[in-house]
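Please take these sequences and the hints and turn them into a complete structure.
Protein chains: 2
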Amino acid sequence: MIQDTVERYRTYLEKLRAYGHAMGLMSYDMNTVMPKGAGPVVGDTFGVLSEVMYDMVTSPETEAMQREILAHRDEVDPNLVRTAELAMEERERIACIPKDEYVQYTIDQTTADQVWHEAKLKSDFPMFLPHLEKLIAAQKRFAKYYKPDAPVYDTMLDAYEKGLNTATLDAFFATVRERLVPVIAKIKAQPDVSFLHTHYPIADQRIFSDYLMDVLGLDKNHCIIGETEHPFTTSFTKYDVRITTHYHEDAVEASMYSVIHEGGHATYERNIADEIARLPIGGGVSMSVHESQSRFFENIIGRSEPFIKAIFPKMQEIFPEQLKGVTAHQFYVAVNKAEPSLIRTEADELTYSLHVMVRYELEKRLFNGDLEPKDLPAEWNRMYREYLGVDVPDDRRGVLQDSHWAGGLFGYFPSYAVGSAYGAQLIKRMERDLDVWGNVRAGNLKPLVDWLTEHIYRFGCLKEPGKLMEEAFGAPFDPTYYTDYLTKKYSELYHLD
Amino acid sequence: MIQDTVERYRTYLEKLRAYGHAMGLMSYDMNTVMPKGAGPVVGDTFGVLSEVMYDMVTSPETEAMQREILAHRDEVDPNLVRTAELAMEERERIACIPKDEYVQYTIDQTTADQVWHEAKLKSDFPMFLPHLEKLIAAQKRFAKYYKPDAPVYDTMLDAYEKGLNTATLDAFFATVRERLVPVIAKIKAQPDVSFLHTHYPIADQRIFSDYLMDVLGLDKNHCIIGETEHPFTTSFTKYDVRITTHYHEDAVEASMYSVIHEGGHATYERNIADEIARLPIGGGVSMSVHESQSRFFENIIGRSEPFIKAIFPKMQEIFPEQLKGVTAHQFYVAVNKAEPSLIRTEADELTYSLHVMVRYELEKRLFNGDLEPKDLPAEWNRMYREYLGVDVPDDRRGVLQDSHWAGGLFGYFPSYAVGSAYGAQLIKRMERDLDVWGNVRAGNLKPLVDWLTEHIYRFGCLKEPGKLMEEAFGAPFDPTYYTDYLTKKYSELYHLD
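Quick mapping for you: the protein sequence lines, in order, are chains A and B. Note that the working numbering has the first sequence beginning at 1, numbered continuously upward. Note that the working numbering has the second sequence beginning at 1, numbered continuously upward.
A hint or two may mislead.
Claimed, not checked - Per label pair, the in silico range of CB-to-CB distance: (1) A/Asp435 - B/Ala137: 35 to 41 Å; (2) A/Ala71 - B/Asp149: 54 to 60 Å; (3) A/Ile202 - B/Pro148: 56 to 62 Å; (4) A/Lys446 - B/Lys144: 53 to 59 Å; (5) B/Glu14 - A/Asn439: 51 to 57 Å; (6) B/His197 - A/Asp435: 52 to 58 Å; (7) A/Glu14 - B/Ala137: 25 to 31 Å; (8) B/Arg177 - A/His248: 55 to 61 Å.
Stated by the list, open to error - In silico contact screen, one side only, chain B against chain A (beta carbon under 7 Å); selected entries: (9) Leu49; (10) Asn221; (11) Asp274.
To be clear, the hints were calculated from the coordinates, so they are not data collected in a lab. By construction, the Cβ of each residue, glycine as well, lies at the ideal position given by its N, Cα and C atoms.
Spelled out as structure tokens, the structure:
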């Protein structure tokens, strides 16, 4: 009897996976090679497929199967039980949204994303505004349908990392701001970074990317690199993971750290246990945990001196002219230059969280407070002045710089800061189990990946993110690991007292 | 009442379009960038989606809608009537196949395609054989389900071009062979083609491809070029058309004519009338008509002296070293070198149809006769000796060279020869309406594309292919236009008496 339901549920899940695959691929294509004029057609296709998915996920038959599996949890594969558990939560979040609103939102999202690309190019916020307003209004409605009495933004944060809310984040960012702003203030003399910005031909940068993927241990039989405007990672099961980058001929470090960052996301996905790989639980558990891995490899490892020393000979081989006379140490210092700036994705580790804070504060006021979307540019610029001390010259380098809002990803940004903090606590724990820096210096990241697989990756969504990290840390989450790590690193780099 | 059905039918068609879009994109991805290890996952996704499509196309509700529309044909948009008409034919072809066989075939096709790539690389026919056998057996069964009493191969040919059968093709190929073999036999002294095979960097060839797309008038907002092993064209409505090419650093003409050939397919798709663009009838009407366009641009235009003269200055700008001292006339002569050879896609216009004939004869015997798949390599090699006088050194350059059979495309090959012949008759008709060669010499293909749009492209599948071409020719199809064209062209090129 229950075995019959299990069979039907597996068939259902496989069908769900196929639809997710198709829509994921379409989104990947849209952001890499799709000709721009295909926009309306792809939007309509998203509409059709998302309606089918909505019907599948919210149907009474699906609910009945899941309830039955949960009622017989002791007789069923625990992976399926966990899948059904999370699916019931997801179902609640979705089933309360009227279908036509849900489908329309999918189409609006596709349109908004396309308009945003053009608006950013033209630095034209008014062009993007009506689309942004539509997405924000829809998200507010959706959150209210789901939890009528909770503050909207808390409901949204919870979707990216279960358990995260404004109370926790207010405290987190207060600590970060309090501890890091004084460090930033002490920085005076800046290193020479001119050699990062000579001419680095894209063809050579492509070779360098391939090498970095090898260093990260990414198997090209299951992981490819594509090119896009705003780098991202996507996966259609762990057997097909796609990272992307964007090459700038006058900034070798831009794509370099993009590849390592996205490579961190890919490393997570690639090391999920095979047994759960095709199930909905066979992916990263939350955006904070995902960003903890990408930013771990990008910064804690990738911007460390041992790592630079390990890869520098190869870099000099690929870029002999550009790096002639440059030492690994100079390169290390240059890629860690800390300076308040305009663009989040190009920010150094030290000031990075302040960029995230601006977005967090704005989102909080957009959803829980009374900030209107039309006032975003002015508020953005005011806060960049206040938090980072810089003047935003135009919206392209201001409120239009990130792709997230255009994709409806409100509540995502805090993941970057929390993830960075997770990473700092993780490395301390990891150092007790293995010779982290000896291995990094030897260019051997495998023991690190193995450790992370053992403690984090393999579980996919089997554990709640908070619990997963606490067990990996062997202690509760503590953001001072992060502030201590940055204070120490930058005090040494800049010889601060 | 009927308006209600029309509404429902439009919704159904839009859904069908979305599924076709998703599966088409997945296939495009698989043949361009997908990491090889993702094969099993993508195969399963194809299985799931093809099952949904099978259910949609064969459901009694769909049949009822279509019957009703056809019963009220005078009250309904003629484009929908034509769609329903063709859909009923397609339905008959599919509904007779048991669903599990249909779905399994989709999965087997994906697997066969992947195995073939590896088998070709290793020149290992036995590795590919079991997969090929499966596809052939399935196609035989499918043809028998549909038309139990018709010769299998005729049923299959009809799927690629309605009305085409072995009787017509036997006569066609007999004419071709009879008229062209004596011409081929007369060719003795060969021109110098060494300048085609010096070093042509891929980066420069990419620039050249972009230029060729401009010459063809392909709007990059709706048409992109990708890279693949075996070039093809695909489209997800006319608003998103994708051509592909493969670059060889030591053969500039390979990608050049690949781009023009695929560009011809794209030109067809891009010029279908907007009113039918999103309907199932909004695509090329048959493979012969499609190949008539690709091979028209590739050969009749692309390998003509006026065309070479028009683009040669730009070629010399892109490849200044490689083409130093070469004249447009020398280039024209070189890209028309006629010589029996091993590889169909690299064959010259004159011997090309003999390559197709080999495949046609083999398919005919595979499906209507008693040729076993395991005997294909020996028969292939024997016929290449007999028809082309060449010895096939290995299966990679023999029976494994084309992707078609691995994709289940049996009955497709004749389209190339018939399409080539269509093109030769078309140009004669076109020459009566406009100054074809004056425009080509000026690098202005627009009047040609406009003429073809007027007579062929815009109709999509509104007319039957045979009738479409007859109306475009203003006369019945006559293959001697083709043999006359080739005889004249090669007699001049090689100064034959």
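Hints, verified against the model:
no., hint, verdict
1, A/Asp435 - B/Ala137: 35 to 41 Å, "violated, 58 Å"
2, A/Ala71 - B/Asp149: 54 to 60 Å, "holds, 56 Å"
3, A/Ile202 - B/Pro148: 56 to 62 Å, "holds, 59 Å"
4, A/Lys446 - B/Lys144: 53 to 59 Å, "holds, 55 Å"
5, B/Glu14 - A/Asn439: 51 to 57 Å, "holds, 55 Å"
6, B/His197 - A/Asp435: 52 to 58 Å, "holds, 54 Å"
7, A/Glu14 - B/Ala137: 25 to 31 Å, "holds, 26 Å"
8, B/Arg177 - A/His248: 55 to 61 Å, "holds, 58 Å"
9, Leu49, "holds, 6 Å"
10, Asn221, "holds, 4 Å"
11, Asp274, "violated, 12 Å"
The structure fails hints 1, 11 (numbered hints given earlier, in ascending order).
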